[in-house]
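> Knowing the structure of chain A, use the given hints to seat chain B on it.
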Amino acid sequence: MSDYVEISNLSKVFPTPKGPLRVVKDFNLRIRRGEFVSLIGHSGCGKSTVLSILAGLSDASSGGIILAGKELTGPGPDRGVVFQSPTLLPWMTAMENVMLGVDQVFYTASREERRQIAEYYLVVVGLGDAMHKRPAELSQGMRQRVGIARAFALSPKMLLLDEPFGMLDSLTRFELQQVLLDLWNRNRLTALMVTHDVDEALFLSDRIIMMTNGPEAEVGEILEVPFARPRHRKELLENPEYYRLREQLIEFLNTRAYTLKGQTPGQGHGPGPGSNTITMVKSMMAAEPVSRS
Amino acid sequence: MNKLRRIQWDALLMPMVGVVLSLLAWQLVSGRVVQKVQPDGTMEEVKSGLVQDLPGPIQTWEKTSKYIVEPFAKREELDQGILRFTWYSLVIVAKGYAIALLLGTPLGFLLGLSKNFSKMFDPIIQVLRPVSPLAWMPLGVVIFANSGRSANELAALFTIAVCAMWPTVLNTAVGVRAIPQDYLNIARVLKLSRTKTLFKIMIPATLPYMFTGYRLSLGIAWLVIVAVEMLTGRIGIGNFLWNEYNNGLYTSIVLCILTIGLVGFLLDRAMSLLERRFKSAI
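These protein sequences, in sequence, are chains A and B.
The first sequence begins at -6 in the numbering used here and counts up by one.
The second sequence begins at 544 in the numbering used here and counts up by one.
Note that these hints are calculated values from the structure, not bench results.
Incorrect hints may have been included.
Far from chain A, by Cβ distances over 12 angstroms, these chain B residues were calculated [claimed, not checked]:
hint, residue
1, LEU555
2, GLN570
3, VAL572
4, GLN581
5, ASP583
6, THR585
7, GLU605
8, ASN659
9, LEU677
10, THR794
11, LEU801
To be clear about the criterion: a stretch of chain B counts as covered by chain A if any three or more of its residues have a C-beta under 8 angstroms from a C-beta of chain A, and this derived list gives those stretches [what the hints assert, rightly or not]:
hint, segment
12, 726 to 732
13, 736 to 750
Cβ coordinates follow ideal geometry from the N, Cα and C atoms, glycine included.
Here chain A stands alone, though its shape is the one from the complex (with noise of 0.2 angstroms):
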């Protein structure tokens, strides 16, 4: 089966004061149709810095991307973005919010198709009663809800989840992860994520990449899921090989993210050597929103 997106020697440099900083290091991906993948690994390991540049928010410094048979330039609606915050226009209602994106991809349609297209989507993440609510009479879970009705409602060639319940506790977690899910299980569309929520990467994806500390992370390992789907938590919960895979997963992220890259394991937990870039890139992308609700 040809691969539906490659990404072929991506790197990523940033220039610094004290010289250039190499963050991502020929990075090589090949990723199938309908494929959900994740990339796993410490903080600074540049996993963002190449969703990043998939969404076309940053340029490559070399290698590049192709997308269903077309190279990558620049950023477009056929990548629907899921970003870590929402980043929903505050003076919009939801149902406009996803409306924006939907009358941009569908302008042949009619304008009741679309309102039809948006609605579906909000109703499918659970905010039909909402949909006319804007961001600040929503709690931080459904504004995200929005953020992935918004994505899906493109219909994009791919989806790119940037750490998309890093902000939410657990239990809204739990349930947004079910959403997501249910909502990829309708038409599987090809995915990948950021995360460095090891359960997170296992209940969502067919396969986990495993990226090395920073600078110069590189992909370390990978971890097939073997897991059938639809997949139900609880049925996860209770099969041993999840443990097994599990395992495996926070062992890379201990010793070997470390040691394949000739570094001591444990030296600084948290943010890792390369925490620094990633505060770059995240200023560089996302200058801080600015509340004023």
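Chain B only, in chain A's frame:
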């Protein structure tokens, strides 16, 4: 409940106390006329007090009540009710203010959007911004000298607009620069057209800043009116003040100052209500 009532009571009572104290202080420093027995036995009226020519509050009320009691009366061209004068001034301020906003908002957008434009024109703006209306006015008269009957009005509008637009320009520019990158990324990811990005994302995101600018601009536009009317002789509250000063009727000056202040305060309140509406809408 009890506490709430006390707070509301305080909010009303305390300003009243302030007003009364200020009136007392005014009365103390103002001049008054006293009867004095001269050495030759005749009575003579002499001025006394800290500031002999400053009319006190009671005297001010006695002399100016006719302007207040019939605020819209028009007895003669230069003898009209205080609110009638104010109305003339408000009309010209409104026109000048509208011009300031129409020019200032796009200019602010250009400054905020283009670094080069900003580098080119920001220094000029910084130099022109602190110039007083008294300095702009003669230039306005010169520029519009050949405009016939409306020369006077055009010069006035020019002065108001050119003095009042800067807060709008600068706040709009700041607002445009402060649009979160997240919002612009949405536009990029969805490939919105330039017009759509402007109207759907940039303008709504800048509105709160724009309205802060609009409020400050309105304050300046009203501030400028007195200078404009003094120099052009247009009928209005500033002109009234200046005439009465020239006629030695100092009580009217006080009346005008209080009226100008009160109107300015009300305008600012109205604008800040509007501003808050826009901010809460976002």
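> So which of the earlier hints does this model not fit?
Going through the list in order, the structure violates no hint and respects every one.
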